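Protein chains in written order, with the numbering used here: chain A, 70 to 422; chain B, 70 to 422; chain C, 211 to 551; chain D, 211 to 551.
Hints listed in this document are in silico derivations from the structure and should not be mistaken for laboratory results.
Remember, it's a predicted structure, so these values are computed and weren't measured experimentally.
The beta carbon of each residue, even a glycine, is placed where N, CA and C say it ideally should be.
Check before you lean on any hint, since a few could be wrong.
Unchecked claim - Derived pair list, reagent style EDC-like, types lysine to aspartate or glutamate, alpha-carbon separation capped at 16 Å:
| no. | chain 1 | residue 1 | chain 2 | residue 2 |
| --- | --- | --- | --- | --- |
| 1 | B | Lys388 | C | Glu534 |
| 2 | D | Lys426 | C | Asp235 |
| 3 | D | Lys391 | C | Glu413 |
| 4 | A | Lys388 | D | Asp538 |
| 5 | B | Lys346 | B | Asp315 |
| 6 | C | Lys391 | D | Glu413 |
| 7 | B | Lys388 | B | Asp377 |
| 8 | C | Lys494 | C | Asp306 |
| 9 | A | Lys278 | A | Asp254 |
| 10 | A | Lys388 | A | Glu416 |
| 11 | A | Lys388 | D | Glu413 |
| 12 | C | Lys426 | D | Glu528 |
| 13 | C | Lys494 | C | Glu441 |
| 14 | B | Lys388 | C | Asp538 |
What the hints assert, rightly or not - Examples of chain D residues lying across from chain A (beta carbon under 8 Å, computed):
| no. | residue |
| --- | --- |
| 15 | Gly254 |
| 16 | Asp255 |
| 17 | Tyr257 |
| 18 | Arg323 |
| 19 | Asn324 |
| 20 | Phe325 |
| 21 | Ser341 |
| 22 | Pro342 |
| 23 | Ala374 |
| 24 | Ala377 |
| 25 | Gly407 |
| 26 | Ser409 |
| 27 | Thr410 |
| 28 | Thr532 |
| 29 | Pro533 |
Take a look at the letters that make up each chain.
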Amino acid sequence: MATFVQAMRLALHVGEERLGVTDIFGEDVGPPLGGVFTATQGLRTAWNTPLDERGIVGMAMGLALAGQRPVCEIQFCDYAFNTVDLLKLAGAMHWSSNGAFACPMVLMTPVGAGIRGSIYHSHSFDATATRLPGWKIVMPSNPRDAYGLLLSAIRDPNPVMYLAPKALLRLKARPGEELPGEPGDEKALSKMIDAPLGDRSRWRAEWPKMEDLFVPIGEARTVRPGRDVSVVTYGRMVQASSAAADEVAREGIDVEIIDLRSLHPYDWPAIRATVKKTNRVLFLNEDTEVTNFGEHLIRRTVEELFYDLHAPPRLLAGKHVPGVGLADNLEHASVPQRAEIVAALRELARHEA
Amino acid sequence: MATFVQAMRLALHVGEERLGVTDIFGEDVGPPLGGVFTATQGLRTAWNTPLDERGIVGMAMGLALAGQRPVCEIQFCDYAFNTVDLLKLAGAMHWSSNGAFACPMVLMTPVGAGIRGSIYHSHSFDATATRLPGWKIVMPSNPRDAYGLLLSAIRDPNPVMYLAPKALLRLKARPGEELPGEPGDEKALSKMIDAPLGDRSRWRAEWPKMEDLFVPIGEARTVRPGRDVSVVTYGRMVQASSAAADEVAREGIDVEIIDLRSLHPYDWPAIRATVKKTNRVLFLNEDTEVTNFGEHLIRRTVEELFYDLHAPPRLLAGKHVPGVGLADNLEHASVPQRAEIVAALRELARHEA
Amino acid sequence: MISSPAVTSAKEKTLAPDALARVHDLMLRARVLEERLITMYKQGDGYFWIGGPGEEALSVPLGMLVHKGEGPEHDYLHLHYRSSGTLLALGADPVDSLRQMKNTATDPYSGGRNFASHYAVKRWNVVPVSSPIEVQFSMAPGTALANKRVPGGRGITIAQGGDAGTAEADFATCLVWSSRKGAELPVLMIVANNRYGISTPYEGQHGEVRISDRGKAFGIATATIDGNDAEAAHAGLAAAMDYVRAERRPFLLEAMVSRLYGHSSASGANFVREEDDCLARLEKKLVERKIKTQAEMDAARTRLTQELLEASKRVREEPQPTPESIWDHVFAGETSRDGGR
Amino acid sequence: MISSPAVTSAKEKTLAPDALARVHDLMLRARVLEERLITMYKQGDGYFWIGGPGEEALSVPLGMLVHKGEGPEHDYLHLHYRSSGTLLALGADPVDSLRQMKNTATDPYSGGRNFASHYAVKRWNVVPVSSPIEVQFSMAPGTALANKRVPGGRGITIAQGGDAGTAEADFATCLVWSSRKGAELPVLMIVANNRYGISTPYEGQHGEVRISDRGKAFGIATATIDGNDAEAAHAGLAAAMDYVRAERRPFLLEAMVSRLYGHSSASGANFVREEDDCLARLEKKLVERKIKTQAEMDAARTRLTQELLEASKRVREEPQPTPESIWDHVFAGETSRDGGR
Ligand SMILES: Cc1ncc(C[n+]2csc(CCOP(=O)(O)OP(=O)(O)O)c2C)c(N)n1
Ligand SMILES: Cc1ncc(C[n+]2csc(CCOP(=O)(O)OP(=O)(O)O)c2C)c(N)n1
Ligand SMILES: [Mg+2]
Ligand SMILES: [Mg+2]
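Let the hints inform the model, and build the full structure from the sequences given.
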């Protein structure tokens, strides 16, 4: 069972071998470290850049303009906010050149709280990302999607942002959700592709023969079918809402969970279907709550499905404060926790129209 | 009758004279130009910076940390997207230092379309700005508020962003809405404070004795009372919606227009009151429509006022495309025009719950 | 034909008569084009003008020296909004510039979306010129790395901007990324120093005596040249390009140029008599060297002016983009045009 | 007392015995503090460690030489996350660092919000240290302008960062903004060059032989010093600070230092034997010059270690911030805490 971060690494390897990736780069992405979360260990084309996020994005844009398929990383999305102008430009490249220049780059970056990352290792990026026209935005919540969405991102002729929930990076694939081609034995896989501790100068990864899996960008996944209340979410909150759904199930509340997986384009038919089914919906994410992507989804829901709603649609998101504080009390008060999700689900389910 | 941009200049002058402003700076802000829109002509403390927005914001932050009251300008908000990290940092300064360091800076920047500015002189900034916890955000729609909100922004101990709708900068104050202290005769005012064409090296402004006017940050203004439909808007769209309201008035639709004036903090009691009064609401702005501040307001409206709504609340905003194109057809298709506002008002008014 | 980099010696400070005549012809075409664009603006046939009159002695030789084509075997051009001379030297149709001025649907560079002088030509590696100052210098290392990867390749990357723009982060990024030891990149950075950023003079904004000095700490080869002298500019460019082509290392070239019609239409777009006019200088040379007569050149100017006047009338009749076209090209490939809606 | 800038001659390369003893005492305290923080992390009394062991020979003299106080008459300090030595030399209570490590409500620097070594001390002009690398260099010109405005003032601004961080835009911004001709600013830029950015070696990322060379094109005075030799560092800092104080112009100082416990707890926070230990070097000197005996110094270390161990136990009992405290200080002044909600 590959972990999320191993799945990323395997996808990048497939990218190098079969999808034309010639450069995987970012701060500490190359040897010896292979990424602060190990996502790029052992990759043939991985290299270390200067400590300059603007340069990283610019390098990716330049390579993409020259027809390459670069994959770059911003070490933490918290450090991508000095590149927003360049991200906008990448998203505008094809449009402003009237279709002449595509910009097929992938930008990967770890997002979200949940690892006690304090103010500058806990930011989310989904709200900012969805404000970048011309970009596709994906955010997997499990190893299989991590693999399949990264392959799709690499193949896509547009700039694609790949948001990796950092608290999930060590999550293992669930039985039945393996990556196609991964060795059955997880110890064996680790031996093959995880860099050893200590001196790595002579280490080479031994790659399993992976098969293709292109999870379509724009397609949601029903994580859990249910009758009573819908949760439309993505990333780390998929896990959090599953736990909450288990809890309220004991009270007879049957929750349907939709994992959007892609934030742009997003799967409106899937959202429409779940709202029409349960008539009660919670939009859930951990980015700050003022001018939040979930608010866009609520807007569209009330615009198109007002009379299908048996309760006011709800948003649960991060608090509008300057950062996520380090102390547990602070982090828990800042980003949605299970108890709050449970409370919101109960309220939605019990609401009498 | 002072124009919007004259009102800004007069407020900056008051800032220099009475509110402790020692530095007004940005690209082309000092002599000889005094700002690409003339907002800073003749000011004693105005100076030209290097062409480096990050440096401009950093300079303002440094001065503010040292207890000064800097006012900086980003020439067009389109060029502020390379500073988002610094803006976030300014907003976090007081909070992350546990209240030790305030950051009382004002950042002024022209926003919005309407001057055929093409891709990079038509951006809005309200969505991005409202995603900066710790900042106050104001956006005046007329000369009197332009004056009064700038004075309040300067006096505020927090970072305040002052978004100036560039299409309104030449707008004149309406009778009864003069600035306190401005000379009655607009030709006289122009002679006193508008720099002459040609050589300006010996020109000095002659400032009228202006009176204080502190428009409170966080307080909306009812531009037009009405019974049937509410428009909650700000900036350039205040004018556009007024024209639309005149048009539908002929059909017997009585529109109430709320000019928010402050986007953060915003005047929720005013929004609640108008929604409870008309039960039908249009949120209107010209920023792109995915993850838009108006969507936040809709979210809050459905969360708190769901059963007061006799029609689904509507958002009218800019299209989610990479930019505003130059040709008139393109600009008109990209940002809300009067005809669309009229259509939305009709639809809201006629909607049968 | 002198434009093949292979045959242009960097040492030639004097160009052969036919070469100089060709430079003049292109500079004249560039000037006449800009004057037409300014007139269009002033007559209401466009909303905004910005362009390159005063930079032709630099921009034309640059275009002539480019190893032109598509893909990493060829030169990549990250230009600025004063590069019309370079485009004409590459072979661009001046009428397309009129189309962009008039924001017609037929504007091949942006489909009526962008301001005049915002070029994008895929078949010549002219990557999209965009309004934000200096961002081209952050992208240049990327195309340069693609150039470098071509085995035996001679393609290089050229990034050009103004003097004031060097204060932006991106200029420093290009210095840092192109000079990494062992990973140097074939980038020619050109700073067209007209001593102004809009209204702000160079003096008071710079601690550097020469902007090109900023390369030195990074071990980058540098030069500052007179960009108003077509021959000096040609020689300086050829030398710098030869170096970058052969050494696969960066070069920082500063060229002193003029801003002949001010910053843009926002500042009036009127001829500035105090500035050194590179075209007049070249014409004087041509007369002195008896390569062309003033009468010949004046006649050519009149003819070209007339041609573009005619063309501008035709362009006026071309269609404007449709409202729905805002959705075109948001995405490459087959994605539904508005992603999710 | 040698810490008053007025009496420290820049020329002294050898410090007087009592001065050197004082430097040692503070360096030892700084080292012991960092070791305690690392232990707290390893024992689960904190979530993350980053700090300055290996930079004490630089950070301590810096703190001693600061013209300490609040407001533009005094020095502003824009430090990085390896500046504990500077804080202790200024007079900070090491227990407050333990509080930040344990993210208690009593942490005076951030109220339990920020990582260890993220200082903010209003009364000493220590502006908030924040995690994003290098942004301090964009803010420094602002406090320096405030310093400069004080008539007859001697206060200066000091901005410090690492070697890898100089690739960020902000470093270039500080060079550009502090050296504008006629508007030079009293900024001392310090680069603590430990030859690594996390796992990435200096070699391969820099075209510069010396980072300090980057100042030269701007006419900025520069020096590179041995930051592992407390006396050399003291002299280098004193010379640079005297220059900035007197001339009201910028100075770029590069100091070669060590990273004694790796990058942070993320890389294990274990002692790196290959690195030059500035404290060991100083102790050798003190023994050689017979200023202190090794036994005395070892005893001091044991005593200080014990004191901090005790303190860390007490800190463990101090309250954690309350959940509601996330709303505190979002705004200065009387604004409703959450603006609009
Ligand atoms: C990032 C950015 N900031 C500001 C502007 C507004 N602006 C347009 S041109 C210009 C001056 C450019 O000066 P310089 O780099 O010297 O080039 P020149 O126009 O003189 O050729 C400015 C400030 C911009 N286009 N982009
Ligand atoms: C803007 C930004 N990008 C990335 C990081 C992640 N990061 C933390 S420390 C570091 C390396 C810093 O190296 P250097 O500047 O040499 O300082 P040192 O840690 O060696 O003292 C990086 C990349 C960050 N904190 N901020
Ligand atoms: Mg210039
Ligand atoms: Mg380092």
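Broken hints, numbered, in rising order?
Hint check: 2, 5, 7, 8, 10, 11, 12, 15 and 16 fail, others pass.
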